[in-house]
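J.: Chain residues, written in single-letter form:
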Amino acid sequence: MKVPVSLTVNGESVSADVDPRMLLVELLREELRLTGTHVGCDTSQCGCCVVHMNGRSVKSCSVLAVAADDAEVTTIEGLAVGDELHPMQQAFHEHHGLQCGFCTPGMIMSAIDLIDRNPNPSEAEIRHWLEGNLCRCTGYHNIVKAIEAAAAEIRSR
Amino acid sequence: MYPFDYFRPDSVSEALDLYRAAEERQWLAGGMTLLPAMKLRLSAPSALIDLAALEEMRGIEVDNGCAEIGAMTLHDTVSRSNLVRESIPALSALAGGIGDSQVRNRGTIGGSVSNSDPAADYPAAVLGLGATIRTTERTVAADDFFTGMFETCLRPGELLLSVRFPVPTRACYMKFPNPASRYAIAGVMVASFDDGVRVAVTGAGPFAFRVAEMENALTTDFDPRAIADIRIPVQNLNEDMHASPEYRSHLVTVMAQRAVDAAI
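So the protein lines, in turn, are chains A and B. Numbered per the numbering used here, the first sequence spans residues 350 to 506. Numbered per the numbering used here, the second sequence spans residues 79 to 342.
Quick caveat, the hints were computed from the structure, so don't treat them as lab data. Check before you lean on any hint, since a few could be wrong.
Restricting the straight-line Cα-Cα distance to at most 25 Å, the calculated cross-link-like pairs of lysine to any residue (SDA-like) are [said to hold, decoys possible]:
(1) B/K117 x A/L356
(2) B/K117 x A/H442
(3) B/K117 x A/L383
(4) B/K117 x A/P353
(5) A/K351 x B/A125
(6) A/K351 x B/E102
(7) A/K494 x A/R476
(8) A/K351 x B/M79
(9) A/K494 x A/H445
(10) A/K351 x B/R260
(11) A/K351 x B/Y84
(12) A/K351 x B/P87
(13) A/K351 x A/R382
(14) A/K351 x A/V388
(15) B/K117 x A/R506
(16) A/K494 x A/L356
(17) B/K117 x A/Q394
(18) A/K351 x A/Q394
(19) B/K117 x A/L381
(20) A/K494 x A/R466
(21) A/K494 x A/L483
(22) A/K494 x B/E229
(23) B/K117 x A/R382
(24) A/K494 x A/R506
(25) A/K351 x B/Y80
(26) A/K351 x B/D299
(27) A/K351 x B/V90
(28) B/K117 x B/R86
(29) B/K117 x B/E229
(30) B/K117 x B/H320
(31) A/K494 x A/F451
(32) B/K117 x B/R260
(33) B/K117 x B/E102
Chain A on its own, in the form it takes in the complex (with noise of 0.2 Å):
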């Protein structure tokens, strides 16, 4: 059984016939060769393959490519403008939030979901919400700081 789905990826649309065992993040990555997701996991733990589904973060390794038919979905790829970085990958880079890099568009996927929500979060709301995310190296100190000074960027703007 194949089944269609269409559905926006970073504001461009996109259709397939896929296999409706098929994972979001395998049609992303495999499909679309958007590997800016990762896969740490595969089993909804790490939080490494999150991307924002109609407005709310998701473990793409854990909803179906046709679960997502008619969804917006933003990954990390489509959230510069062109050279300019998002803010919050912005404070990533001037904070030191990453290591070696695996966790980072998980990471940063999942805290725009929360600036979003809640645009001045306190350090404990921050270490909550990234209760889903994985980071092996950094010990999450700098990720946490990163995440505040995105906050008051985007507040200010």
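With chain A held as given, fit chain B onto it using these hints.
T.: For chain B alone, coordinates are given in the frame of chain A:
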């Protein structure tokens, strides 16, 4: 994942027809348990019936002293709902502590309650608040709903539509989460009503259960000290790499006391 057919019906009646037509079929709600289980091949349905388009199964209403929550309502929606926060803050806090942010953005109350995971949070709320469960066939009291580990009284083809929670005079849910998964190693909902107190436990046993001895003690005296010496028997409590039955029994008393303390 083994291959399967996928359907996304537009109405509950169409969903029921599709269910009857397929063989090894499974409802798909948020998929936060089912999809990982299918990846591990612990579950291999031949057809998934996705309930995502059934708007009639979403939403929150508060009336006549009850909060009714549609089965497809997200944990995130419950945790942020002003209606829930004002009527049953303990329920809103419980929903905000399930899994992680992304799980709460996909996972649904109906999926969680139907799954009867021994470590899930919602069963403690359903049982502790004495909710009623409305399905396509009947209305079931929480006390009759959970029947075993990953088992409920739902019959094949019966679909959970909503959960109706009576508003308590005060309530609190406390859990001791597994530090990695955030599943409850032991979680206790304590809820006080005009006619008495209910205490329901998740995480400790094969499925959510009530503790009559604590309920009686708290109905007489709503004070953490009233239950300090009550231990639930270790027989039938869960044992795994995370906690022994003895430790779980201890945690239930501690979590129950904390819940009472916070509810006062």
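J.: With reference to the structure, classify each hint as holding or not holding.
T.: Hint-by-hint comparison with the structure:
no.	hint	in the structure
1	B/K117 x A/L356	holds, 24 Å
2	B/K117 x A/H442	violated, 35 Å
3	B/K117 x A/L383	holds, 22 Å
4	B/K117 x A/P353	holds, 22 Å
5	A/K351 x B/A125	holds, 13 Å
6	A/K351 x B/E102	holds, 19 Å
7	A/K494 x A/R476	holds, 11 Å
8	A/K351 x B/M79	holds, 15 Å
9	A/K494 x A/H445	holds, 9 Å
10	A/K351 x B/R260	violated, 36 Å
11	A/K351 x B/Y84	holds, 9 Å
12	A/K351 x B/P87	holds, 17 Å
13	A/K351 x A/R382	holds, 20 Å
14	A/K351 x A/V388	holds, 24 Å
15	B/K117 x A/R506	violated, 43 Å
16	A/K494 x A/L356	violated, 34 Å
17	B/K117 x A/Q394	holds, 14 Å
18	A/K351 x A/Q394	violated, 29 Å
19	B/K117 x A/L381	holds, 22 Å
20	A/K494 x A/R466	holds, 18 Å
21	A/K494 x A/L483	holds, 16 Å
22	A/K494 x B/E229	violated, 44 Å
23	B/K117 x A/R382	holds, 22 Å
24	A/K494 x A/R506	holds, 19 Å
25	A/K351 x B/Y80	holds, 14 Å
26	A/K351 x B/D299	violated, 62 Å
27	A/K351 x B/V90	holds, 24 Å
28	B/K117 x B/R86	holds, 20 Å
29	B/K117 x B/E229	holds, 21 Å
30	B/K117 x B/H320	holds, 24 Å
31	A/K494 x A/F451	holds, 18 Å
32	B/K117 x B/R260	holds, 21 Å
33	B/K117 x B/E102	holds, 16 Å
Hint compliance for this structure: hints 2, 10, 15, 16, 18, 22, 26 are broken, all remaining hints hold.
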